[in-house]
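As given, the protein sequences belong to chains A and B, one line each in that order.
My numbering numbers the first residue of the first sequence as -8 and each following residue consecutively.
My numbering numbers the first residue of the second sequence as 62 and each following residue consecutively.
Under the rule of at most 27 Å between Cα atoms (straight-line distance), these lysine-lysine pairs were calculated in the DSSO-like manner: (1) B:LYS66 - A:LYS163; (2) B:LYS236 - B:LYS156; (3) B:LYS236 - B:LYS159; (4) B:LYS156 - A:LYS261; (5) A:LYS(-4) - B:LYS156.
In silico contact screen, one side only, chain A against chain B (beta carbon under 10 Å); selected entries: (6) LEU0; (7) GLY2; (8) LEU4; (9) TYR23; (10) ILE71; (11) GLY72; (12) SER77; (13) MET87; (14) ILE90; (15) THR91; (16) LEU109; (17) ALA209; (18) VAL246; (19) MET252.
Covered stretches of chain A, going by a simulated chain B footprint (3 or more residues, C-beta under 8 Å): (20) 11 to 21; (21) 92 to 106; (22) 137 to 151; (23) 200 to 206; (24) 210 to 224; (25) 236 to 242.
Keep in mind the hints are simulated off the structure, nothing from the lab.
Virtual Cβ for every residue (Gly too), placed ideally from N, Cα, C.
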Amino acid sequence: MFRSKVYSLLGLLPLALLIIGFLLAPLVNMVYQSFQSNDGTFGLSQFISIFTDPFYMQAIKNSLTISFLSSTVAIVIAAIGGYSISRLAGRQNKVMVMITNMTSYFEGIPLAFSFIVLLGNNGLFTLLFSQLGLDIFHQFNLYSWVGLIVVYIYFQIPFAIMLLLPTYQGLKMEWRYASNLLGGTSFSYWIRIGIPILLPGMIGTYTILFANSLGAYATAYALVGSTYNLLPLQIGSLIAGDVFLQPNLASALGVILALIMIAALWVNGKIMRKVRRDLK
Amino acid sequence: MIGNKKHFFIVIILAIYLLLPLIGTLLYSLAGKWSNTVLPESWTLSWYTMLFQDQRFLEALSRSIFVITSSVVLSLVVMLLAIFVMLIYFPSMEKYLKLVSMIPYGVPAVASAIGLLNIYSSSSINIIGTPWILIGSYAIIILPFVYQGIRNSLYTVNAVELIQAAELLGATKVKAVITVVLPNIMKGILSAVLLAIAMLFGEFALANLLVGGRYETLQLYLYQQFSKNGHLTSAIVISYYVIIMAVTGLLLQFQQPGKKKVTFAALRKPVIRKNQIQKNSVEGDIS
Chain A
-8 MFRSKVYSLL GLLPLALLII GFLLAPLVNM VYQSFQSNDG TFGLSQFISI FTDPFYMQAI
52 KNSLTISFLS STVAIVIAAI GGYSISRLAG RQNKVMVMIT NMTSYFEGIP LAFSFIVLLG
112 NNGLFTLLFS QLGLDIFHQF NLYSWVGLIV VYIYFQIPFA IMLLLPTYQG LKMEWRYASN
172 LLGGTSFSYW IRIGIPILLP GMIGTYTILF ANSLGAYATA YALVGSTYNL LPLQIGSLIA
232 GDVFLQPNLA SALGVILALI MIAALWVNGK IMRKVRRDLK
Chain B
62 MIGNKKHFFI VIILAIYLLL PLIGTLLYSL AGKWSNTVLP ESWTLSWYTM LFQDQRFLEA
122 LSRSIFVITS SVVLSLVVML LAIFVMLIYF PSMEKYLKLV SMIPYGVPAV ASAIGLLNIY
182 SSSSINIIGT PWILIGSYAI IILPFVYQGI RNSLYTVNAV ELIQAAELLG ATKVKAVITV
242 VLPNIMKGIL SAVLLAIAML FGEFALANLL VGGRYETLQL YLYQQFSKNG HLTSAIVISY
302 YVIIMAVTGL LLQFQQPGKK KVTFAALRKP VIRKNQIQKN SVEGDIS
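Isolated chain A (complex conformation) (with noise of 0.2 Å):
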C-alpha cells in the first residue's frame, strides 16, 4: 500500500511541472524582477519610478476608470436584461440563453473589428446617421476613450448575463405572489425580497467583470494601438513592443496589476460577509 502510495505520486508529476513552470515560476519571476533595479540591484527603485511618473499613474488612473464605467454600466443592463430572459418561457428562453452564451465569446481583434465596421469612420451606423441627418456621430471617434468604452461595454453585457443567470434562477416566483397577497407592492418586493437574494451574486459577477476589463488586452490593442494609455497595453510596449524594452519595469508595473486584481477580490470578500451577515 506505502509503495503504491509513493509510485502514485508520479502521477502527480506531469501537472506539478506544468503548473511550476508555466503559472508559478513566472509569477515569482515576475515579482522578483520588480525589485530589481535597472543597474541590477536589490530594491523598490521600479515601485518609485512608476510612482513618481504622470505618464504610468494615468495608465493606472484610465485603466481603472474604463473598468469602472464599463462594468457599472454592463451590470445595469445585464441585470434588467438577465431578469427578463430569465422570465421567459420555454424555447425563447432557450434561444436566447444560445445567443447570449455565444456572444460572450465575441472579443479581442475579431469584435474590434465588427465595431469599425459598425461605428468606424465608413461605419454602418456612422454612415446611416449622417444620412439621416443626425449629427450625433459627428464627433463619435470608435478609436479614442468613448470608443474604447462603448466596445468594453459590449463584451462586458454578455459575460454578466451569463453570470448572473444562475443567481436569477434562485428568485421563485411564488415569493413575489406571496408578497403581494401580503399586501406588498412590486416595489416592497424588490427592495425586501428581490434585491436582497441577488445581491451577493451581483457583487461577486460585479468584481469578475472588473478584474476582467481590468486585464483585457486584445480589443483595446486592435482599437487604439498603443496610443491610448492603458495599463495592459503599456506592459505590452515594455516588454515586446519595438522602441526598447524594459522587462523590470513591466514587471512592476505586472506586480501592481495583479494588486489591484487582488484588492478587488478582498473588497469582494469583505462586502460578501456583510450582505451574507444581513440576510440571516
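Guided by the hints, dock chain B onto chain A, whose structure is given.
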C-alpha cells in the same frame, strides 16, 4: 400577461444589440461595392473564395488548430492523471488541487507573459517564438475549466463508489478508472474541451506577446490583415464567429439537463424499452 410582453420586448432589443456586430460584419463580408450607401450596392461571395484560397490563412488556421489541440490534450491528460491519483490516494488533499487550478483564472495574460518572456528567453531554454511556449501557457489558462469539468462529472457519477464496486468485482484500480469511470465522465470532459476550444480560438494577448509574427496563428493573421483589406478581414471574422457558434452550440447541447443523452456510455448501453425498465426496477436491477 402585459408583464410578459415587456420582458419579451426587452429581450428582443437585447438580442438585436448583441447580434449587431455579427450582422454588420456579415453584411460587410458579402458586400461587393459599398462605399457611401447604408446597405451594400452589390453582393458577392468572392471574399470567402479568396480567403479559402489564401495559403497564409490556411496555414494560420492549421497552426491554431495544432496549438489548441495540443494544449487541450496536454491539459486534459495531466489533469485527469492528477485528479485520479488525488481521488484514490489523497482525497483530503483535493482542496489544494482546486486552489492551484483556480489561480490561472485570476492572472491576466499580460501579467503571465512578463514572467514567461523572462524565463524562456534565456540561452539554456529558448522557446520564445515557438509553438511550445504557446502550448504550455494555453494548457495553463484552460486549467480552471478542465478541472471543474472533470471534477463536477466525477462527483455526479459517484466515481469513488464506482471504483470500489469495480474492485470488489476483481478489477484493478487502473482498470476500474479506464473501463468504468472514464466512459461515464466523457460528457463532462467533452464540454470542458469545447469550452477550452472556444476560449483558445479567441486568444490574442499571449500569442502576440510570446510568439508574434514568428508563428502566425489565426488571431495574429487576422490582426495583420486588419488594416489591409476590410472585406477579406470581415470574411475571416465571420469564419471565426462561425467556429464559436458551432462550438458553443454543441456545448449547450451537452449541458442541457434532461435532454437526450449523447454520452459515449449511453451509446454503448443496450437499448432497453420503457416497460422493461419498469419491470427490472421492481427487482432492483437498474437504479
